[in-house]
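J.: Listed below are the residues making up each chain.
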Amino acid sequence: MTTKSHPILSMAASRIGLGLLSLVIVSLIIFSAVSFLPGSYASAILGQNATQAAISAMEIKLGLNRPWFVRYLAWLGAAATGDMGLSFSGRPVMALIGPRLKNTLVLASITAAIAVPLSITLGIVCARYRGRFIDKFLSTSTLASISIPEFFVAYVVMMVLAVKLQLFPSMAGIRNGMGLGEQLYRMVLPILTLLLVILAHMVRNTRAAILSVMASPYVEMARLKGEPEKRVVIRQALPNAIGPIASVVALNLAYLISGVVVIEVVFVYPGVGQAMIDAVRNRDVPVIQACALIFAAAYIGFNLIADIISIVSNPRLLHPR
Amino acid sequence: MQQSLEVRSVAPNRLLRALKLVRSAPPTAKFGMVVVAIYAFVALFAPLLAPYGEVEVVSRVPFEPWSASHLLGTDQLGRDFLSRLIFGARNSISIALLTTAISFVIGCLLGVLAALVGGIVDQAISRLVDALMSVPDLIFTLMILSIFGSSVTNLILIIAVLTSTRFYRIARAAALNVASLDFVEHAKVRGESLLWIAVNEVFPNILPLILSELGMRFCFIFLNIAALSFLGVGIQPPTAEWGSMVRDNAALINMGDITPLIPAAAIAFLAIAVNFVVDWLLNRASGLSEEG
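Here the protein sequences come in this chain order: A and B.
According to our numbering, the stretch in the first sequence is residues 1 to 321, in order.
According to our numbering, the stretch in the second sequence is residues 322 to 613, in order.
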């Protein structure tokens, strides 16, 4: 019934369904990764010197004697309510990750809040002045920004602004006790680095989205009617390019995820990325699982949003050939 | 007899054509090729070029400043920084190349076979690839490395498998177009095996499309391994690797010393050079398709 009355709604619902399905598959991969641990999970917790009796006791305590799909469902159900179990160090995983998740979200959302409007504006400027200096400059810097490792950008930023000019602190170790101003001040360098890492790419994609619209007949028509170029870009091209631009933005925010991990480590920022790296070094599997699940969910979520926005803004995509 | 004659007449032609092609390249691509050649030279002749050994401790003082005997000073354990930089070229590049080669073979072979066989095999592999691609590569690699431990073999295999998904996608899409052509049908009728058709009939026809992807993926793999080593979970000491050299000497940055930035710049420089060449190949490919 709804298929006929609301094609867009049903399409969005089916996309969300597909997104959830891929999240389930990913969670299955993340869950089953543990069973590949050399030795058993219980002995990994207890260390190498544990006796056989202690290991079996631990296995029963953890419910490892149950079939794997029962354990998977229990794990997934608990994860859905925010309970990721105990880390190898004995603390609940969410108590470890929770505050860090908040920090990472703050870092990412401030970056996104600056990057999105800035990149769209610059993308429009590039499309308007196509082939001029600013356009060429930004095209070249895109090539550079996908080739330069994130930690190089981070250290150059740190070298110039923190060590030479001494404007900002080089370490972004924020704590709860600090005031908001102090916290923001310490976050300037990581945010700046993240911006440098993703901005060129976003500008490039916005420019491409607008230029592809600029090639369409109605833009040609508007030009022939004698409308000024600025008006053509803003009134004719931009509204039609919003869909592609929005999907590009969402995709780039997904790309931000791996950048966040490296940059948190460089600036010692207490976020999820740093927690994940620490957990990998200590081989603390429950924490790694939780972090991987969070990052994967964010990644799938951004891709899903990109998908839905592009369909909603361009209903033609509802009817593939 | 006839065959050997053919080979002889074809080889110089190809060489000439390749030379002509290189000469017609834009300056950025030429610059890229020169830089890549220099890196390759350094990587190949590292033991001859490096003044000291890769793991040789030459000074009791860690972080010695630049001097005549140690041009770039020494690292955190008193090893010659320049020598480790040179050996790093060899390690970083060879590991990235090997990984790229493995992922190229796995991805292309599966992609072409999936396109040729179709049906449930194609569906199964494609859905698996979708699942692998729905997690960011770095996160996936971190998770697997934490379970199997970070040895060089594990690192190469994991990244190769993850990257092969990209080759799979592009090879499958290209092979689907070729698979329905007459010469593939002929080969099937002749009774050639699937693998033979994939390698001898389909692969040569889709190679030009995959070539620029190859360069791009090499860059990604190279940067990925550097990032992992920088995070301390990639290539492990005492092997000299550019990413981990940055990490180990990062303390110097707070003292205003740019030495730790040199390996990072070396990584960026190679990646930019390769991207220049890839960009040219991409433009050439799209220009050709517009003409034809």
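These are computed hints drawn from the structure, not numbers from a lab.
Hints may be right or wrong, so weigh each one.
Unchecked claim - On the chain B side, residues computed to face chain A include the following (Cβ under 8 Å):
no., residue
1, PHE352
2, VAL356
3, VAL438
4, ILE441
5, ALA445
6, SER447
7, GLY553
8, GLN557
9, GLY577
10, ALA585
11, ILE593
C-beta: ideal position from N, C-alpha, C; glycine also.
J.: Now tell me if each hint is right for this structure.
T.: Results for each hint:
1. PHE352: Violated, because the Cβ-Cβ distance from PHE352 of chain B to chain A comes to roughly 13 Å (cut-off 8 Å).
2. VAL356: The hint is violated - VAL356 of chain B has no Cβ within 8 Å of chain A, the shortest such distance being about 12 Å.
3. VAL438: Because about 23 Å separates VAL438 of chain B from the closest Cβ in chain A, which is outside the 8 Å limit, the hint is violated.
4. ILE441: violated (18 Å)
5. ALA445: violated (13 Å)
6. SER447: violated (13 Å)
7. GLY553: holds (6 Å)
8. GLN557: violated (12 Å)
9. GLY577: The hint holds - GLY577 of chain B has a Cβ within 8 Å of chain A, the shortest such distance being about 5 Å.
10. ALA585: Because about 4 Å separates ALA585 of chain B from the closest Cβ in chain A, which is inside the 8 Å limit, the hint holds.
11. ILE593: Hint on ILE593 of chain B: holds, closest Cβ of chain A at ~4 Å, below 8 Å.
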